[in-house]
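Given the coordinates of chain D, work out where chain E should sit on it, guided by the hints.
Chains as they are written, first to last, in numbering that gives the first Met the number 0: chain D, 0 to 792; chain E, 0 to 158.
Treat the hints as calculated values from the structure; they're not laboratory data. There's no promise every hint is true.
Said to hold, decoys possible - A short, non-exhaustive set of chain D residues, derived as facing chain E with CB atoms under 8 Å:
| no. | residue |
| --- | --- |
| 1 | Gln21 |
| 2 | Leu122 |
| 3 | Ile731 |
Stated by the list, open to error - Not everything, but these chain E residues come out facing chain D in the computed CB check (under 7 Å):
| no. | residue |
| --- | --- |
| 4 | Pro30 |
| 5 | Gly39 |
| 6 | Gly96 |
| 7 | Glu145 |
Said to hold, decoys possible - Here are the simulated DMTMM-like cross-link-like pairs (lysine to aspartate or glutamate), alpha carbons at most 25 Å apart as the crow flies:
| no. | chain 1 | residue 1 | chain 2 | residue 2 |
| --- | --- | --- | --- | --- |
| 8 | E | Lys148 | D | Glu726 |
| 9 | E | Lys148 | D | Asp155 |
| 10 | E | Lys148 | D | Asp344 |
Cβ coordinates follow ideal geometry from the N, Cα and C atoms, glycine included.
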Amino acid sequence: MAYRHIGQETPRPDSADKAAGQAVYIHDFERPQMLHGKIKFAEQAHARIVDIDTSKAERLPGVKAVITAQNTPEVRIGFMRDNFALKRDKVRQFRDEVAAVAAIDPDIAAEAVELIEVTYEPLPGVFTPKEALAEEAPLIHETDPRGQPRENNRLDLRYHHESGDPHLGRQAAKYSVEGTFSTPLIQQSCMGTAGCVAEFDRNHHLTIWAKTQIPFLAQRDFIQMLGAIGLKERNCRVIVPALGGAFGTGLDTHAYEYISILLAWRTGRPVKVLYDREQEFSYLSPRQSSEVKIAQGCDENGKLTFRWVDVLMDNGAYTSWGATYPTVMMLPATSLYRVPNVYFDAKLVYTNNTYCQAMRGYGNPELNWALESNLDELAEVAGIDPLEMRRINCNRAGEITPMGLQVTTCGLRDCLESVSEKIEWTAKRRQGKRRGVGLASLFHVGGGGRIYRSDGSGLILKLDDFGNVNVYYGGVEMGQGLHSALSLGVAEALGVKPDKVFVNPTDTGTCPWDVGTHASRGAFMACNAAIKAAADLRRQIFTHAKSLFPKIVAKNLKRYQKKHPHYTAPDVDVAALVDRSTFEMRDGVVRLADAPDEPWLSVSLDTLLRGIHFRSQGEMLLSHVFYDPPNELPDFEKGRGNMSATYAYGVQGAEVEVDVETGEVTILRLVASHDVGRVLNPQTLKGQMYGALAQGVGYALYEEVCTAEGRILNPNFADYKIPTIAEMDFPIELDFIETDDDRGPFGAKGVGEPGLVPTAPAIANAVYNAVGVRIRDLPITPQKVLAALKRKG
Amino acid sequence: MTQIVSFVLNGAPVQVPADPHQRLIDLLRGPLHQTGTKEGCGQGECGACTVIIDGRPVNACLYPAPEADGTTITTIEGLGGDNTELSTIQRAFVECGGIQCGYCTPGMILSTKALLDRRPDPTEAEIRQGLAGNLCRCTGYVQIIESVKWAAERLRDKS
Chain D
0 MAYRHIGQET PRPDSADKAA GQAVYIHDFE RPQMLHGKIK FAEQAHARIV
50 DIDTSKAERL PGVKAVITAQ NTPEVRIGFM RDNFALKRDK VRQFRDEVAA
100 VAAIDPDIAA EAVELIEVTY EPLPGVFTPK EALAEEAPLI HETDPRGQPR
150 ENNRLDLRYH HESGDPHLGR QAAKYSVEGT FSTPLIQQSC MGTAGCVAEF
200 DRNHHLTIWA KTQIPFLAQR DFIQMLGAIG LKERNCRVIV PALGGAFGTG
250 LDTHAYEYIS ILLAWRTGRP VKVLYDREQE FSYLSPRQSS EVKIAQGCDE
300 NGKLTFRWVD VLMDNGAYTS WGATYPTVMM LPATSLYRVP NVYFDAKLVY
350 TNNTYCQAMR GYGNPELNWA LESNLDELAE VAGIDPLEMR RINCNRAGEI
400 TPMGLQVTTC GLRDCLESVS EKIEWTAKRR QGKRRGVGLA SLFHVGGGGR
450 IYRSDGSGLI LKLDDFGNVN VYYGGVEMGQ GLHSALSLGV AEALGVKPDK
500 VFVNPTDTGT CPWDVGTHAS RGAFMACNAA IKAAADLRRQ IFTHAKSLFP
550 KIVAKNLKRY QKKHPHYTAP DVDVAALVDR STFEMRDGVV RLADAPDEPW
600 LSVSLDTLLR GIHFRSQGEM LLSHVFYDPP NELPDFEKGR GNMSATYAYG
650 VQGAEVEVDV ETGEVTILRL VASHDVGRVL NPQTLKGQMY GALAQGVGYA
700 LYEEVCTAEG RILNPNFADY KIPTIAEMDF PIELDFIETD DDRGPFGAKG
750 VGEPGLVPTA PAIANAVYNA VGVRIRDLPI TPQKVLAALK RKG
Chain E
0 MTQIVSFVLN GAPVQVPADP HQRLIDLLRG PLHQTGTKEG CGQGECGACT
50 VIIDGRPVNA CLYPAPEADG TTITTIEGLG GDNTELSTIQ RAFVECGGIQ
100 CGYCTPGMIL STKALLDRRP DPTEAEIRQG LAGNLCRCTG YVQIIESVKW
150 AAERLRDKS
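Chain D with its partners taken away, still in its complex shape (with noise of 0.2 Å):
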């Protein structure tokens, strides 16, 4: 199928304002009146609150209000209802909310938070999972949100899958391999920190500007602390600006949004909460660290016959989404590769670390780096070439795994032949020197991914007098280029050109519902509606066309016949060719299919819309749709469930040197091929290639939150490493494989996360193939190396 739009390079709609500094981010946004917000955070582990005394910082002049749990209602947050906007009886970790301060400026507020005194009677604390899983451990949390008594810190969160027989499938295998792998909590590090600004009309309905990535959800969110703080029946309104990106820290409603919100409520005026870096750092919740315990093994001939995997993930001391990460676990544990007995099993602890939450890939990158390492382990113990390892076990179209995700199209061979193309596997694979190569692959959900009860997304294409379609879309664009698909999207299924579509921004009050932009979701869900909106527009401008066509079309000619008075028309009947013809658009320009090439014969899109308009019962045209990808709410407990409407796929290769001296590793290129079902964007492609890419990095190499008995102890980027432009200078190959899914807008699947799926064990397998040895926590440091390679000897 040849497409006008979809695969040409475009710039991005949004980038123009943000090359002038002109795009408004939370950090640039003011109201009338506005008052600044701080948080006073608790600064100890494990404590019970005895007194907090807030008289110095009431009495500071410029201060409006100063909140604690003692003088606001009680607002219970998270979806399992653990965590509180302000702290009651007592803190649970380091960052936890005491008390809030509005001030007519920044300055003034934070002096008044230095000025509230708190008392507190130290609790020991638990800071591994281990010790929060031990017999005499102290709870976290001595009762759940219904009150009832808690007997342990383990959350009523279960995660299980079993498929075939896999003790048989154990005892089944020739050979087999187990290990332990472990991921540490990694910051987002969004270039734009988070912060909100909550406002309240003099009618009692709430208006908040919010980085967040589900509006919807948020808006519900909020809607029931309204509810909570006496505001029943009241409306909240969340607007989203510009986003200095996200990578799921906006998947939850936090602690910092709803005291915003408190705290106008109180003052009566609209009030900012901004957290500075080093705020982010400390007290915005982190990616989940991660323990994997897994064995694999397989019969003579490499293929599987078995996979256990076991995961311990430290929640940290309340709960967010990001606790919901084995369902994403769960997908490539029981799916990539063919494996006929599976185990899986989850548990999450409470523990007096921070807590966390999402990060793009959300589970996949944990459980990847733990599966694709290990994988490499049972190749060489079986005496086959890793390479070979994957083709013998490769996904193929059509099947159904034993989580029951039906694989609609699957590009993973392919993926994995230029991988080994690319980086010249055989040959590099040998090369000694201490330089070699490794690969890895990756398996995501790419169509929508049902873990809420509606995986929808609503979107209105509404038309105006000129010709312009503005586009009301719920989902989020954070810097992964949505407004761009959805430019492309709307523009090749409607027939206009793309500077005629204008995405309007992202709010509760104008757009319809979405789930959020998560889980790769952005452009298959908004190109999917965009399509049925766009089909629905055609049938009704082309409905409308019927009768106003032939009017129209004689003026033209009338017109053209006056500017060429020597023309000659061909004698055609306008009104017997609409009848047997049909309509098409391309360009914004309406014609008949079977007409005569002539410059009069058509009309634009506008001249026949101010007919449709301007006329006895006239009509605007707009359309408003509802879609819902063809996927299943998985049982979780049970492990069955098509997830997703369609599955990603894709393989990584990494070359890389190591320094035995000095244990670093050099990555001197890699090599990403990917299942992208249909590329919307080359150029918004690319750009989230290669930014996954650099995360991956990131995530093999250097990046580590640090704690000490849950403290964060490097909140800053000279002691937190993100790649900077000299780490990422090597040579980077993308090869985009073109499935052409059914299911996908165009045939496009969900990319933005899969990027940075595999990179990690990509580049540790690199690393035992050049010096052999193996790491198995992240990230690969030098000092991990030079302490493998002594164990080596």
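The following block gives chain E in isolation, referenced to the frame of chain D:
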């Protein structure tokens, strides 16, 4: 003690009161409304607040506002023409996909300008050196480097 600081901002003279401990970024974003200058870290580690002072790229978050007295400062707002046109470097970032979330972009573009003013024909190593102080979490830098090369080529053609 508050003092009056006078400097040339994007080609026009300004006079503005500043406190001794005030940071230049707060002066720019506050009373001068140059909100295109972004604060990413406040500690000189990320480069989002890069502005050009007397031809040199400077982190506005580390620069004391009173020291701006007598200088010539360019912020992102000063790069385009008098109307809404983008400058060549800005256009390069748009055309080459060097922008995703856009939060690092103004700093990135000003570092690029400072580099290209000094070295109109930079090698890739010089580009990496010139932008080493500017962090980006979205792009992986590949299309940023392409943007700088695109801009350099067109600026050379122009001159």
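Checked hints:
no., hint, result
1, Gln21, "7 Å, holds"
2, Leu122, "33 Å, violated"
3, Ile731, "6 Å, holds"
4, Pro30, "13 Å, violated"
5, Gly39, "5 Å, holds"
6, Gly96, "4 Å, holds"
7, Glu145, "10 Å, violated"
8, Lys148(E) x Glu726(D), "19 Å, holds"
9, Lys148(E) x Asp155(D), "54 Å, violated"
10, Lys148(E) x Asp344(D), "50 Å, violated"
Going down the numbered hints, you'll see the structure goes against 2, 4, 7, 9 and 10, while the others check out.
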